[in-house]
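Q: Once you have looked at the hints, place chain C on chain V.
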Amino acid sequence: MDFRFLTAVLLGKTVSHLIRFTGGGGTAAPGYYALKIDPNLTQKLAKNLDKNILVSGTNGKTTTSRLISQILSQKHQVVHNRQGSNLIRGIASTLLKNSSIKKQNGIGIWEVDEAALAEAVAQTSPDIIVFLNLFRDQLDRYGEVNSLRTKWQKIVSTLPKSTTLILNADDPGISYLAKFAKCKVAFFGIQDKKINLPEVSNVGDTRYCPNCSQKLIYSIQFSSHIGHYQCSNCGFKRPKPQISASNLKFSPDFSTTVQFTIHYSLFTIHYNLPGLYNVYNVLAACAVSSALQITSAEIKTKIASFSPAFGRFQKIKVKNKNILIFLVKNPTGTNEVLRTLATQKNLNLLTILNDNYADGKDVSWIWDTNWEIVVPSVKNISVSGIRGWDLANRLKYAGFKLNKNSVYKDINYSIEKSLEKLNSNDTLIILPTYTALLSVQKTLNKLGGNLKWHQD
Amino acid sequence: MASRLNKSKSKVFFRMKTSQVDSNSKLQLNICHLYPDLMDTYGDRGNIIAVVKRCQWRGIDVTVSNISVGDSLSTSHFDFDFFFFGGGQDIQQEIVGKDLQKKAKDLKRAVEQESVILSICGGYQLLQNYFKTLDGKMIKGIGIFDAHTIGSTTRMIQNLLIKINPTIQSEISEAYTSLRGAEQRSNLKTEIKDSFASLRMTGEETILIGFENHSGKTFLGSNLKPLGKVIKGSGNNGEDGTEGAVYKNAFGCYLHGSLLPKNPHFADYLISKALERRYGEIKLEPLDDSIEWQAHKQAINRPQSQ
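Going down the list, the protein sequences come from chains V and C. So the mapping is simple: the numbering used here equals the position in the first sequence, first residue as 1, plus 196. So the mapping is simple: the numbering used here equals the position in the second sequence, first residue as 1, plus 35.
Excised from the complex, chain V in its bound form (with noise of 0.2 Å):
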């Protein structure tokens, strides 16, 4: 018997009960406490599992893990840490909720942290491992990008061959992984020539050959270091993907209509997300699904009937008034979703920017999107946060007249005084920083909202 796992599970199943009984939120805090007494817990809960598949990335963790859930949950059992806890201790939580000590069936879908990947992989000997992009995210706390992308090669090293790779063909710094594996390797990208969205100046981390450090030539560059690229000197190149996309068609009612190819199989599915950040996340989920034998129609409905996720491009009504949350939290992200902003006219905007740690410290990366483009599509814009005159600052240098009162010092208040000045049909589009959600999260409960994220 080991008393030291079971105590660990008791305690940690405990906390668990407690913290919904209160109604707290610290979906991280069972499994702090647990590891505490066994710091092997994750391992030993992981294994009584089918199968565990690892998502990472710099964006679209959660997405492409919800969707990957729910293609999975028709059939099987899956346990998931779906609210976004993605460290350690944030799967610990889960399988401390949703799981057993004894063996039982089912498949553990974990988003990880970029820094946290190489223990997630010792601990839950992943069966699929999902690398979706490498970009430049709160570099007060990550570090550069070529460093991080070091360590993931050393994780890649040490797969066994039984391990799944699946990597995004057209990320250089992702693809490049391939060189380090063992293991099966499976691409996916996006093989159109041509993207129909508007221009971003983009910042790019690995434009430079990962391999010999000479400049990528691009036929197209989707953003950032995105895109069909070749290295001039080392022959180095985009590898084919197997689970491709094409055709992309974005309307205005931020839903998309793409072909996919998975192996051989060609359908069109039409999903409700926005952009062609999202474009990738479902082709990994595609990816993902395709190596677990589920069939291309069974992809396409459960894509197809998709609802996004905690402040993911997410839908509410508020006092009858409209409300969409896009979490804007490092360049390339944001610039993805100001881009798909640009396209539409007179939007009502409200951009929040803390600092807190889980923010980053640095705000110096506002200075890295392109908030240029919506300029034309704004009608009014207003600012919040801890660092809401950075934020106000940028903006201004945008482009965007803004005066005092575009700035408010409390989030709450920017919230009410936002929805108090839309008009009833109109749209209040809320671009919180990740700390920034969790407040705009509160105020719209406290105003109706009834978002029961947590419980999600």
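Hints may be right or wrong, so weigh each one.
[As the list claims (entries may be wrong)] Below are the DSSO-like pairs computed for lysine-lysine, each with C-alpha atoms no more than 30 Å apart in a straight line:
1. V:Lys350 with C:Lys167
2. V:Lys642 with V:Lys293
3. V:Lys357 with V:Lys433
4. V:Lys511 with V:Lys575
5. C:Lys140 with C:Lys308
6. C:Lys88 with V:Lys605
7. C:Lys138 with V:Lys411
8. C:Lys133 with V:Lys347
9. V:Lys600 with V:Lys517
10. V:Lys600 with C:Lys88
11. V:Lys605 with C:Lys198
12. C:Lys88 with V:Lys541
13. V:Lys350 with C:Lys172
14. C:Lys88 with V:Lys525
15. C:Lys308 with C:Lys198
16. V:Lys496 with V:Lys247
17. C:Lys260 with C:Lys332
18. C:Lys283 with C:Lys318
19. C:Lys267 with V:Lys525
20. C:Lys167 with V:Lys411
Derived by calculation from the structure, the hints in this document are not laboratory data.
A: Using the frame of chain V, we list chain C on its own:
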């Protein structure tokens, strides 16, 4: 819009590049953005945006040329008044370090001819004599600053607040005037002073606020002026209390943030310096910088900067 005020005050210095100023002609500022595709990791692009906008708002023409690996400075179409060199990832810094040697002569000449250079973090390090990484690798710089950087195991990551070197301070006060009313101006001054009462701050124009994120420790040669003295943060090396360096009109520092958008006094100082080279003494038209100063103040007041 008349961009050159107080014409009576302007005088033409005797400098090599000084050209005859036709009083009807528009002022023009030529910016060179060094390695924008490689040294662009920490949001430093905001500095270019700030200089461009603050010139355009005053009716000054601006050109920005992106000069990267393999591009030549000497065959460039423009005579650059202002160079900007930002921070990048370590591996990119190596690529740039090699290429920079080919541009060393032109850049050094530009500095001697009093062009303005603003370099930040990785850019600042490459303008020094050398950068010795933690594992002993030597990255050669071009020695515009008599200084060197040594890699360390501690990463210095925090808001960085400095008091500007007094010799530059007086020049900044002369170059910078803001449009805000006297009352509003003194109010903000008091607010900033209040939040730093214990630090005996004298006023808004004497400090710079930014964010540092580096593990290299920089040490200045004995004749090189620092840009300022650290009030909060680590600065050059976290040991001697200095931050940045100044040689002629070349400035180096660890201040991301971006620096110039929320330090408009320093932005205008650099713009006037860069214009003076071509047009003689310039008095810039004042702008309404209320939002800039609010951002400045908000950054200073973050708890992690204290």
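Q: Now tell me if each hint is right for this structure.
A: Each hint tested on the structure:
no., hint, in the structure
1, V:Lys350 with C:Lys167, "holds (25 Å)"
2, V:Lys642 with V:Lys293, "holds (28 Å)"
3, V:Lys357 with V:Lys433, "holds (24 Å)"
4, V:Lys511 with V:Lys575, "holds (20 Å)"
5, C:Lys140 with C:Lys308, "holds (22 Å)"
6, C:Lys88 with V:Lys605, "holds (26 Å)"
7, C:Lys138 with V:Lys411, "holds (19 Å)"
8, C:Lys133 with V:Lys347, "holds (26 Å)"
9, V:Lys600 with V:Lys517, "holds (25 Å)"
10, V:Lys600 with C:Lys88, "holds (20 Å)"
11, V:Lys605 with C:Lys198, "holds (28 Å)"
12, C:Lys88 with V:Lys541, "holds (25 Å)"
13, V:Lys350 with C:Lys172, "holds (22 Å)"
14, C:Lys88 with V:Lys525, "holds (25 Å)"
15, C:Lys308 with C:Lys198, "holds (20 Å)"
16, V:Lys496 with V:Lys247, "holds (23 Å)"
17, C:Lys260 with C:Lys332, "holds (27 Å)"
18, C:Lys283 with C:Lys318, "holds (20 Å)"
19, C:Lys267 with V:Lys525, "holds (26 Å)"
20, C:Lys167 with V:Lys411, "holds (25 Å)"
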